[in-house]
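Chain B: place on chain A using the hints.
Letter by letter, the chains look like this.
Number of protein chains: 2
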Amino acid sequence: MNSTSQTWHFPEDAPLQLESGYALKRAHVAYATFGELNTDKSNAILVCHALTGDQYATGENPKLGRQGWWSKVVGDGCPIDTTRYFVICANTLSSCYGSSGPSDINPETGKVYGIDFPFVSIGDMVEAQYRLARSLGIEKLLAVVGGSAGGMQVLEFARKYGDFFHAAMPIATTAQESPRNIALHEVSRQAIMADPDWLHGRYAEEGKIPALGLRIARMSSHVNYMSPEKILQRFGRSPSRPGDAKMFYKPDFEIEDYLHHQGVSFKNRFDANSYLYLSKALDMFDLASGPDGLVGVFRNTGARFCVIAFSSDWLQPPEESRKIVRALTMCNADVSFVVITTDNGHDAFLLDEPEMFSVIRGFIDATYRLRVEGGSAPAAAVGA
Amino acid sequence: MNSTSQTWHFPEDAPLQLESGYALKRAHVAYATFGELNTDKSNAILVCHALTGDQYATGENPKLGRQGWWSKVVGDGCPIDTTRYFVICANTLSSCYGSSGPSDINPETGKVYGIDFPFVSIGDMVEAQYRLARSLGIEKLLAVVGGSAGGMQVLEFARKYGDFFHAAMPIATTAQESPRNIALHEVSRQAIMADPDWLHGRYAEEGKIPALGLRIARMSSHVNYMSPEKILQRFGRSPSRPGDAKMFYKPDFEIEDYLHHQGVSFKNRFDANSYLYLSKALDMFDLASGPDGLVGVFRNTGARFCVIAFSSDWLQPPEESRKIVRALTMCNADVSFVVITTDNGHDAFLLDEPEMFSVIRGFIDATYRLRVEGGSAPAAAVGA
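The listed protein sequences derive, respectively, from chains A and B.
Residue numbers for the first sequence, in the working numbering: -19 to 364.
Residue numbers for the second sequence, in the working numbering: -19 to 364.
Keep in mind that the hints were calculated from the coordinates and are not lab data.
Honestly, I wouldn't trust all of these hints.
For chains that are exact copies, the list does not tell them apart, and a pair is met inside one copy or across any two.
[Said to hold, decoys possible] Derived lysine-lysine pairs resembling DSSO-like cross-links, with alpha carbons at most 27 Å apart:
1. Lys230 <-> Lys91
2. Lys140 <-> Lys43
3. Lys140 <-> Lys21
4. Lys52 <-> Lys230
5. Lys5 <-> Lys303
6. Lys230 <-> Lys303
7. Lys303 <-> Lys210
8. Lys230 <-> Lys210
9. Lys120 <-> Lys140
10. Lys188 <-> Lys230
11. Lys140 <-> Lys303
12. Lys91 <-> Lys303
Values in this document were obtained by computation on a predicted structure and should not be read as measured data.
Chain A with its partners taken away, still in its complex shape:
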């Protein structure tokens, strides 16, 4: 099945007001839906994508010609079963797959925004998804689910619209981006901006893309999405395919080939300025900065939470999830915590993780039984 994307436009009389105070003109959100909304609109699940993800959570992604990024989680018979649930997935603001972002034309100048596009926070991204869901007639989501930067959006929903969902699943994420990850993002941003074809963000006007910079940015970040154990298992010190190129120009090891492949694939699919905006939004994400920190955010929540972390994830290590669980527990919230033992590193949430599949299925189905059908759920699984 092919995913199809639609676009929802903010009405002119109720434009998107960014947290910075800037009113974004003609803001729009590209989104895809899977399954059918039931008559009482009680089966809607919002899936939030990660940093460079898109709205094509499942089915064939028509832009990239490959399966959607969460095809094993969302679909008919899948953990988030589209024969029962109505799934919405929206491209985040600042991204490059159809939602408002730096590649858009600035209505005030008639030229591409580039880095004149306003800063968009995780809160702004959530605002856009909230408005979209409301426009679809949804009064309350069954669940908000997402991994990595998608998990940040899930947590931000709890801050901004804590009554708008019955359940939340933040996966492989944090309530506050770590300085180490800020540092890694800054390396990637500098690699993009060092490319002479970046042209101070005006590459689109000149018909160029900062391809080398994008490749290096992705190579640098991709190393950190995998666990050292996984890299060792999968690549070891296996030599690269033989080539006759000169030393330094030619990878000597398979792991280098693999990174180059990731870099090339990324520069073909992602926009450089979007990467700058999105990574900066992650850096600025700090749910604990308000009064009473995280406890202040979760104090009045009536939602059920299931927090998932992966043992070998050191981009968002289990300790980050533990902080979220601790705050939720201090608020007497309904929370389960599952740490899944795996070598897949941060990327685990996108990969074949049967335990994650079971936990998602169990938690979502139990939420439906408990909160919509009024039944009882089995005791929640609680991991380390």
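Quick look at chain B alone, frame taken from chain A:
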């Protein structure tokens, strides 16, 4: 005290034969010595520096105007006490502080080598240091000591010249570079080569340096020298000094400022091609590739070993040291293993680590008593 560097030239009738088969013409080694060689030449310790280090292990570094990189370890009254020992520290081949490297003039063309310089392995670096020590009249070193890439050289000494030293201290190192570290090196190399001022390695001829590429290479690697815990403790999410520059151009957080500072300082002090050669030498280092792996390397060693690792070092994690210790133990070698608990990450070997200082002092002094004075040593400290 000012360190002074001398240069030793390979004699014309005995040139440096690289492991690749290439005979490097006019090869030379820049080195510094500290303390006095005693009359029976039994108190010489070779200190091997890391990837971008230099021969100025202690005293005032005249090139960089700062204290030598191991001033707390080497010096009068220090753990390696220069009132008792004669310390030699040589700049590795391929580096840029006076030893033969890609910035040299190629005698065959009269132009700077650039990337026409031959590949130099860790084994070649060790060969140069061995020849240098022999030229100083030394028949056997009291000890070979080094951290990180310096530790690789220590281990390589065991393979090539196992009878040439009484004791070896490989610190924060590995016997076989990991694919993860190869990946990180490749990111840095690509950042350098993507800089238009790299000019396919011919930047010197044009009077340029690939400054941006060098900065990004260093920023990328520097993140990995620190532990995530240390970054959190030292920088947290503290904001950067205020500035009026535009978003993306200006760091928002202190950690970004710090990385930029490291990048700028690096591009002022290091040569881009040297970085390519040296990082590639690390990638190619694999002491376990021979017959019987590591055990084959250590089988006949008569030296004492003290292996040091740091708990929070995930560039060369304690598990890498454990493999070395395991092989030495299987060879019934005299080996101590100390894992030091610290938040300082990989950089710990360069920092203020009192436990490391004590272990170095104890091990070196005991080696002198045991092997030179013929006395007895107290039981070696063995850590986790």
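- [ ] May I ask which of the numbered hints given earlier this structure violates, with the numbers listed in increasing order?
- [x] Hint check: 2, 4, 5, 6 and 12 fail, others pass.
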